[in-house]
Amino acid sequence: MTEIITKLIVDCTTGEQTIVPLTEEELAEREAMRFQAEADRAQREADELAKAEAKASAQAKLAALGLTEAEIAALGA
Amino acid sequence: MTLIQHIELGSAQANITLSSIPQTYTDLYLLFSGRVSVTDGGLRLRVNGSTANLSTRLLYGNGSSATSATDTTYIGTVSDSNTTANTFGNGSLYFPNYASSTAKSFSGEIVHENNATSAVQWVTAGLYNSSTAITSLELFNAGSGNFVQYSSATLYGILKGTSNGVTVS
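Chains Y and G supply the protein sequences, listed in that same order. Residue numbering for the first sequence follows this note's numbering, starting at 1 and increasing by one per position. Residue numbering for the second sequence follows this note's numbering, starting at 1 and increasing by one per position.
Note that these hints are calculated values from the structure, not bench results. Even glycine gets a Cβ: it sits at the ideal position worked out from N, Cα and C. All the given hints hold, so there is nothing to weed out.
Sample of chain G residues facing chain Y (criterion: CB under 8 Å; computed from the structure): (1) Asn15; (2) Ser19; (3) Pro22; (4) Ala142.
From the derived model, a few chain Y residues whose C-beta atoms are all more than 12 Å from chain G: (5) Ala58; (6) Gln59; (7) Ala60; (8) Leu62; (9) Gly66; (10) Glu69; (11) Glu71; (12) Ala74; (13) Leu75.
If we strip away everything but chain G, and leave its shape as in the complex, we get:
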């Protein structure tokens, strides 16, 4: 697993875009830590500068109930202005075979941190139904908020092969 890029916001930003992603890896692994400035911590994904050709299936649990949902670009929630001050949600998205010329699936896990009875966890299965290789990934808030300062994103590239008993193909 090779670090491609790590960023930490020095000021609030509406979107975080990782562009010109090298096409030299097999899979991509995006980790992020975020908090948004509004009451809706929903996160959406844009691939290659567009929300087209995306679909997601989500499982959601908040400590007392669980449900599921279908969406196009929604991937879960991070901490928001209603959650405990200075807490950040975090999550990951994994994109196998991101440079392939067939439809690309992805998976995600996100937690929405909150020092209270209710905190939220999301599990996401997604599809980018396009033959175009993934060259950019963009995270943005569903509720028109900004990512606050110190939100961060880290992108790793993973090469196929076997290492320490783990195989990526």
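In isolation and in its complexed conformation, chain Y is listed as follows:
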């Protein structure tokens, strides 16, 4: 059985609350946004990983130049 996805609409003037199924257009938009959200999350995770790797690489290079951990931390690296 297919799940019927609904939304709650509240009329702020009358206080009436109505639960209605999403329209075909809303369902399509919802599906498109799900794909976009997955892509955005993957991109965000890739960006964070790249940033962490770049930071680790920079710290390693600074250490190779002879900086102590405290000196590297003082640089904000």
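Position chain G relative to chain Y; hints supplied.
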């Protein structure tokens, strides 16, 4: 500040829509508490039944890192199926001069509760670039999930004037 409407979900719903918002106030203040049924707790906003003419700028922190983002309708995250069971995120959106005939800015703060090292806070600056007054606000999940039972939303209207040293203009 006057309560316009408060709702608490009796069952899971994809969207929460506050429609026919009275045009008799100066500002709107929307508070919400929510948890979604999927792993993506992202929240999006629809104004007047549309995602058009919206833009947001976001600051995000999770306890160990902070970043920023640009989006159209994204306003932050609430608790999701990966966060501690039965926790709810909460947030607020403030819409000054929501009935004006010029572009309308809004601001938001949202926290994504989680009993763990990583929990998330969002600060949002948004713009509804339309001359149409705001008559409806709709919250929905970015990841196609539903708001779970007991999620809630409360809308207040704020009138301009001064009270106890606080001025709204």
